[in-house]
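S.K.: So the chains spell out like this:
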Amino acid sequence: MSFHFVLRASAAAMLAGTMLAAAAMPSMAESVIYRGNGGEPKSLDPAHTSIDIEEFILKDYLEGLTVYDPTGKLIPGAAESWTISPDGTVYTFKIRETAKWSDGSPVTADDFVFSFQRVESPKEAAEYATILYPIKNAEAINGGKADPSTLGIKAVDAKTLEITLERPTPYFLQLLAHQTALPVSKAAVTKFGADWVKPGNIVGNGAYVVTENVANDHLTSEKNKYYWDASNVKIDKVVYNPSEDAATTIRMFEAGELDTVYNFPADQTDFLKGKFSDQVHINQALATYYYVFDTRHAPFDDVRVRKALSMAVDRDFLADKIYAKAQLPAYSLVPPGIVGYTASLPDFAGKDQLDREDEAKALLKEAGYGEGGKPLKIDIRFNTNENHKKVATAVADMWKSLGAEVTIQNLDVKSHYAYLTEGGSFDVARAGWVADYADAENFLNLLVSTNTSFNYGHWKNEKFDELMAASYKEFDAAKRQKILSDAEAFVSAEQPVAPFMGSANLWLVSSKVKGWTDNAVNQHLTRFLSKD
Amino acid sequence: MFRFAFRRFLSAVPTLFIVVTLSFFMMRIAPGGPFHLERPLPPQVFENLNRAFFLDQPLIVQYGHYLWNLMHGDFGPSFIYRDFTVAELIGNSLPYSMTLGFWALLIGVGGGVFVGSLAALKQNSLIDYMVMSVANIGITVPNFVFAPLMSLVFAVVLGWLPAGGWDDGGFRNLVLPVISLALPQFAVFARITRGSMIETLRADHIRTARAYGLPSRTIVIVHALRAALMPVISYLGPTAAGVLTGSVVVETVFSLPGVGRYFVLGALNRDYTLVMGTVVLISIFIIVFNLIVDLLYAVLDPRVRYE
Chain A
1 MSFHFVLRAS AAAMLAGTML AAAAMPSMAE SVIYRGNGGE PKSLDPAHTS IDIEEFILKD
61 YLEGLTVYDP TGKLIPGAAE SWTISPDGTV YTFKIRETAK WSDGSPVTAD DFVFSFQRVE
121 SPKEAAEYAT ILYPIKNAEA INGGKADPST LGIKAVDAKT LEITLERPTP YFLQLLAHQT
181 ALPVSKAAVT KFGADWVKPG NIVGNGAYVV TENVANDHLT SEKNKYYWDA SNVKIDKVVY
241 NPSEDAATTI RMFEAGELDT VYNFPADQTD FLKGKFSDQV HINQALATYY YVFDTRHAPF
301 DDVRVRKALS MAVDRDFLAD KIYAKAQLPA YSLVPPGIVG YTASLPDFAG KDQLDREDEA
361 KALLKEAGYG EGGKPLKIDI RFNTNENHKK VATAVADMWK SLGAEVTIQN LDVKSHYAYL
421 TEGGSFDVAR AGWVADYADA ENFLNLLVST NTSFNYGHWK NEKFDELMAA SYKEFDAAKR
481 QKILSDAEAF VSAEQPVAPF MGSANLWLVS SKVKGWTDNA VNQHLTRFLS KD
Chain B
533 MFRFAFRRFL SAVPTLFIVV TLSFFMMRIA PGGPFHLERP LPPQVFENLN RAFFLDQPLI
593 VQYGHYLWNL MHGDFGPSFI YRDFTVAELI GNSLPYSMTL GFWALLIGVG GGVFVGSLAA
653 LKQNSLIDYM VMSVANIGIT VPNFVFAPLM SLVFAVVLGW LPAGGWDDGG FRNLVLPVIS
713 LALPQFAVFA RITRGSMIET LRADHIRTAR AYGLPSRTIV IVHALRAALM PVISYLGPTA
773 AGVLTGSVVV ETVFSLPGVG RYFVLGALNR DYTLVMGTVV LISIFIIVFN LIVDLLYAVL
833 DPRVRYE
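If you read the sequences in order, they're chains A and B. Under this note's numbering, residues 1 to 532 are what the first sequence spells out, in order. Under this note's numbering, residues 533 to 839 are what the second sequence spells out, in order.
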């Protein structure tokens, strides 16, 4: 590259910048929010995304049938109302008369039919196609065994949408608020194909529309004047910073270049609180940090060994000392915060840590391990991460005091989980789960014996499996929650997994930002925010 | 000389082919794939994804497929950034890295050669010690310490410059990352130039030039510097290729959209096509800069002739 090229390029960029600035000059002061997004979105196409950092951007520009309000409560989104058939299998949605795409065309029931069929089509290879599996035929279509047109969704008329389910799914309205259930404009996708997500082509039905997307630099969304509730949208422009480097984003927050930052390093909590005081937000998330025992081989096929190891772990130490209270101690796989559900805790949950250690030693002795018995060798596997390493080291120390020989090893995140899902043998492995929807089933389903992907330890308990199967057939919400809680009692008694902590959502939110409420589902749509 | 350049250009094709082939197969030795996520995908979905990206085919078929596309200038879609092709990702980010790298090189090489020569001419003087101290700091203090420190001082504490972001790519946004990127280069070039210059000043032809009574400015600039630059030029080739293709640290610290982080992101995410794209990119840069270096030798050293 020559010097001239650089000069010319800079001159052109400056000229273009000036022209853009002139063109975009608003008559009144524009309200712009700069959101540290915590990472780069893999895609802006709802069919190709899976995590929260994509969700933040997607849900500002697309609106599903249901959405979460600032407190985390489910409220109507693109649908203004719905009815559910008595047997819980047919949902009929009334789509808002005033709902429009950012190109001004109306949002129709047909757009949702198109979007949902697209997500389930095996050709589209949507990562989270499973979210909509409760819809009739979805799983068969996604497996290539049925045609997408046979999906249980139809447009009764332009504004009436009817969805038929495979079986009653008590949490279906929650699923519809997931990013995979966001609609795409049939007209735009048909016209541009895979390029529909490029700025200029992109069309959304949310409060904002994406106008600029420079990978690894910034993504800009501007207010959608056709949005049905546009008059209540206070912020004119959202600039998302995709940096995943917390040190950088914290510095930018401090310099006033970012208004919010998602995910700061937990061990800096005290330091950040000292600096930013109540601008640091920490609240319980629907996520569990746990260790899995490989129940296929000795000694971890022995309930006594698993229970002894689990009870010997001092959760308070892990949460307070390693995570500086950015994680909360946990004893149940299902985290608190799920409305209507009561977790089944193991019997040792309420006991004093010293008593638990004595009990653990006794249990191990009974099983024939520890002092005077067979040597207990344990290898802990975890995915490479500073905090996971600290946890593994601490847990290893706690188990060593029971007389075990403990080694730890780590692999990068892909290799770690590839090994576990492919059925690799291990002793103890770290895992974590973040809820896709606020329901206990989402966690307990991890341990069903037929769940070959996520039941890493290959635990099998027929009574647990039976209760889980029964939970899908129970229409009464309260009774169903009771069945799930009974199922979890088996998990707590047998400890195929040892839950250690519940994760927290960690945010820095500038005091200039108004309308921000912490919520367990971690939903903070920009349309509900404003800025001084 | 033209024929030499042309021959070298042709020989780059088999070199590239070998690099591509080795990288393609070595990359696959790493466990896991692009769709092994922290939260594993259900088998059916996993198969759909693998089918969509040809990963269900035998490795040799995938290789053939990749090579065929590559020969047609198609680097394939990114597995991870699904809205972009690899060519788009690299094409969009390379200008940022090159702009940054260009200024850093200019400061690093120009400044380094200048102060290095100065130090050599005033050997063991105060200037010499000062230059060498700065150079030692530049070499020993790593980027990942220096860059955040600069940002902390000038952006957070003093508030003079932005902490991060490209924005309009103006002076304010570039000054900190360029200095962070240039410092280690500046240090290395200063040291190389100083060493080489001291040696050259003792060479026979310089003594002869002195004996002829040539003005010392002519001796230094025309005769000494020209010979002293040879090791500098050798080092310049791979350095320029490295600096112009971006720096993971500087781009991450200053949140800049350069190509540097794709080297790391691609490998960590097993984004096979992106890894291949970055490998091809850096190979081309190294080949081109090594060629430029060889041609510069001929310009600087009258004994080097390419037939």
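No wet-lab data here; the hints were simulated from the structure. It cannot be assumed that every hint is accurate.
[Claimed, not checked] What follows is a list of derived Cβ distance ranges for each label pair: (1) A:Ala-194 x B:Leu-591: 39 to 45 Å; (2) A:Thr-92 x B:Ala-619: 42 to 48 Å; (3) B:Asn-668 x A:Ala-194: 42 to 48 Å; (4) A:Phe-271 x B:Leu-591: 47 to 53 Å.
Don't be surprised by glycine CBs; every beta carbon is placed ideally from N, CA and C.
S.K.: Which hints, by number, does the structure contradict?
M.R.: Going through the list in order, the structure violates hints 1, 3 and respects the others.
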